[in-house]
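**Student:** Respectively, the protein sequence lines represent chains A and B.
Start counting the first sequence at 1; every next residue gets the next number (UniProt numbering).
Start counting the second sequence at 1; every next residue gets the next number (UniProt numbering).
Since the hints were derived computationally from the structure, they do not count as laboratory data.
Some clues are possibly wrong.
Unchecked claim - Only pairs whose alpha carbons sit at most 25 Å apart, straight line, appear in this in silico BS3-like list of lysine-lysine:
id, chain 1, residue 1, chain 2, residue 2
1, A, K72, B, K330
2, A, K73, B, K168
3, A, K29, A, K113
4, A, K92, A, K232
5, A, K213, A, K183
6, A, K183, A, K29
7, B, K330, A, K92
8, A, K94, A, K72
9, A, K212, A, K19
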Amino acid sequence: MSLSTHNLSVGYHDTAIVKQVDLTIPEGKIIALLGPNGCGKSTLLKAMARILSPMDGQVHWQGQNLHGIASKKLAQQLALLPQTQPIPEGIKVKDLVAYGRSPYTGFWGRISKEDHDIITQVMQETGITELAEQLVSELSGGQRQRVWLAMTLAQDTPYLLLDEPTTYMDLSHQVELMHLLRKLNLQGKTIITVLHDINQAARYCDHLIVMKKGKIVTQGSPDSVLTQRLLKEVFSLSAQIHQDPIAKTPMCVVE
Amino acid sequence: MISLRFSFFAQCLLLLLLLFACSWISLFSWSVITVTPADALHALYNMNQDSIAQHIVHDLRLPRVLVGIMVGANLAAAGVIMQGLTQNPLASPSVLGINAGAALGMASVSTIAPWFGLLGSSIAAIIGGGIAWAFVMLLGSAWRGGNEHGRLVLAGVAISALCAALTKAVIIIAEDQAAGVLTWLAGSLTDARWQTFDSLWPVCLIGLLGAMLIAPTLNLLQLGDDNARNLGVSLMWVKLGGSFLVLLLVGSAISSVGAIGFVGLLVPHMARMLAGQDHRKFLPIAMILGACLVVLSDTVSRGIIYPAETPAGAILALIGAPFFIYLVRKRTL
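Isolated chain B (complex conformation) (with noise of 0.2 Å):
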């Protein structure tokens, strides 16, 4: 027992350092500017004002890491906590049309009502997931349980792709925001400013926290439906409580940096294989990797055609698609 918990908190300590060297190698590369991994650091905690690299550390690239690392976060809590609920290995927001229905929200009320500001996308993007989100669960009959994995999937797709019709549509009728939403819809991190982290932090604080207390109970919907009501998990406050955070982890991400996707699928597997299947265990681990994970995208999408920019959503697709390809074929449907 002492040797499992030493070896938990060893792989949590090295994968922290991992986070750490990589949003410090995300502080300083890919620069128009030369920033050196000193004024990297430097920035951080002893600042010179007169040194146009650290401002550039400090007032750009630091808020950028950090928003990367909440949106990581969020988005592998919401795919454990997604594949807990349904019990499904395939569930994660970008499947399950919460993305795109979150996208479509979001697009709708920065091109029609542009007014409403930061506040309002973000609540657009959460009721646009909600909605999206409960049209699969009712179309993949994701309640009744069994094992209709392949259904909700199917819901997903369908969903996804109607959702990205009307966000098309919306984006035709309002030209001139277009080009702003497009990049957005990618899921890009080049415009998260310290504005960005400030309306992030407490939704994103709140959902980490909710999914960690979440955690032993999706420890029982692993035994399936029967067996959790019968060890006194209310299944039906459990599954509204899971969507509810899943929708605040998820919107809050979506309408800070646009629609990512592929985090929420991938980094659960890794942090399974990582840690075992106790979620007390393997979620903290996931949130970790998933803040890695967008982190490295968001470096390595500076450098591929540099200087100009790819959206970091599309190198996290060129890495969750295969995946997903070999996760339908490892598992029959």
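Just chain A, same shape as in the assembly (with noise of 0.2 Å):
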């Protein structure tokens, strides 16, 4: 009940993207959103992160309209990863981690313990820690991309939104960064990500949304909605599901 939208339509520029969509976000569990291309995964997930305004419909946080929830104190309940980021130029990455804790610093941006603490631990946990005081702008992509994301955790928030957090990733980072969304779960945090390998999702969600075309087309767990017809009517890909020898979840092979 506590993330929801109702109706919702949202896009740029008089283009609807997402079109009357009513979702109930399950908590405490990892959910995925998967969807071909343009299918409207990232604008629903900036949409229910407050950062685009809807252009029909509400999105509703705990039973109140998201646009009439403080800023700072929504900030404290949901953190969003963004698609892609900007390269700051001069910034240190343990300045750039720091500036996640906004949401709860003190007078002009003071730093409290507390906050120094979880910034280290999330440094540690996003395997940081080494690169504390290189600048954001001389790192690869994957590392960029894994200091954005200690930026988002450090926020500490019960919801995470992800959108394409493996992107620019080497598979190890990304097998590391499922197992820590999975330790974060466990912690009871609501995680909805934008995923393009399916099986990842498959793997580690516990609850897929699959999307196209601004709506939405099924929602379940990997089992439920993973099926041939499935595949072939949103991805238009002729493919067959197997059981992953490993993880006993569906896997789907193309032909």
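Put the two chains together into one complex; each comes in its own frame, and the hints tell you how they fit.
**Tutor:** This is how it looks when you write it as structure tokens:
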């Protein structure tokens, strides 16, 4: 009940990309948003993080309209990792991560002992401790992605909205990230993430939401959602569904 | 962390010393009646009522230097805020049309309705600057974000040109006031007196304090609008509040000494080079640097064709214009 959309339409410049979506995010789960390019996954995520204002309909947080909640208070509840991030000039890694604490910091951006502990912890979790003194602009794409992720985690919110968090990451870092998401989920966080790798989604997420052309096609557990027909219908792919030999989750193999 | 803080305060201290030195030199240099460096100091704390030189320092030079300091700090702070709000390295009061708009407002009031006096012209400068700024923002679609840096600057240039043309028309209509308005348009501290100081300092204080308060938020804006909003920044309020501060800072400076340009463009970049990207650090540095720059240009402006005075704004344009070209070339807009 905490995060839900009601007849939500959003888009850019008068063109609706997400169309009349009613969605309730199941609390305490890892949820994957799947769908072909341009289907409105990122737009829906941005609307849920109040980065985009609805053209029609509403997003509710604990029964309250998102746009009626004070910005700072909401920033302590929801954190978004956008898909494309700017490359800020002249900012050190540790300072960027520290900006994640802004919704909590005291007068004039003062960092408390508790803030400091959280910053240190998320830098460890994302494996960027040794990059602390480097400039963000000098890092590789994958490293920078982990720094932005650390900033988002430093926000320490019960809800995490991640837009393709594995972008630029090599395979081992992708796997590490998925394990980290599992760990955060066990600590009670609800995680909503856009993913492109269907198998990764099926393996690590509890709930899949599949979108096409701005609408939700289907949602549910990976077992119930991933079918041959769905892959054909949504992705125009001829694929077979097998069982992952290790995790026993569904796995699609393209024909 | 300790060494970092030390270096910041050391920088501030050194720059304050530099500012003091510039001010002191400005108090005694290039005077028709000989003023010694010692006179300049005596006039500050132990004035000899019989010394003409000390009277010159106290009645003419001192308010001039103090006004220069405030104007410099105001324009530099305004430049920092504008660059922060628009995320555009070229943003500054002169490039984005605020100077020209304020000049138009001021010229209109002082020629058409001179009975309004100093307060009236300050308000006219703020309103004129505000209207110009709003037009530039709308034309340059700056509120939408994204990489439309070039468009914003073009809008600024267009609005500046329009305002300049209208200002000239106003001057032609009211010919008898023209000479005074023209000096003022170039920006000059010649007419800065204690009266100017008295009307400037309260607004200056409020504006600079406001700028310091907004500094942590400007830090978040450098991460882009999406991240800033995500971190709990209410963009609309910050942009409105920031614009209001800019108008307060620029309007009060311009109505005191005229349309001095380029301080707001130049100084924020210099301050960033010295203090890094944290606005809480480079904003105060920029204020002191801006003050130094204006006092220095004012001093030089008296020496160039001594004993006549060149407007300080002209000196600043001489340094500022090449720097502007350098910035344009350095960044692909």
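**Student:** Evaluate each hint against the coordinates.
**Tutor:** Structure-based check of each hint:
1. A/K72 to B/K330: 37 Å, violated
2. A/K73 to B/K168: Violated. A/K73 to B/K168 sits at ~51 Å, over the 25 Å cutoff.
3. A/K29 to A/K113: Answer violated: A/K29 to A/K113 is near 31 Å, above 25 Å.
4. A/K92 to A/K232: The hint is violated at about 46 Å.
5. A/K213 to A/K183: Measuring from Cα to Cα gives roughly 33 Å; hence the hint is violated.
6. A/K183 to A/K29: Measuring from Cα to Cα gives roughly 12 Å; hence the hint holds.
7. B/K330 to A/K92: Holds, at about 22 Å.
8. A/K94 to A/K72: The hint holds at about 22 Å.
9. A/K212 to A/K19: 10 Å, holds
Hint compliance for this structure: hints 1, 2, 3, 4 and 5 are broken, all remaining hints hold.
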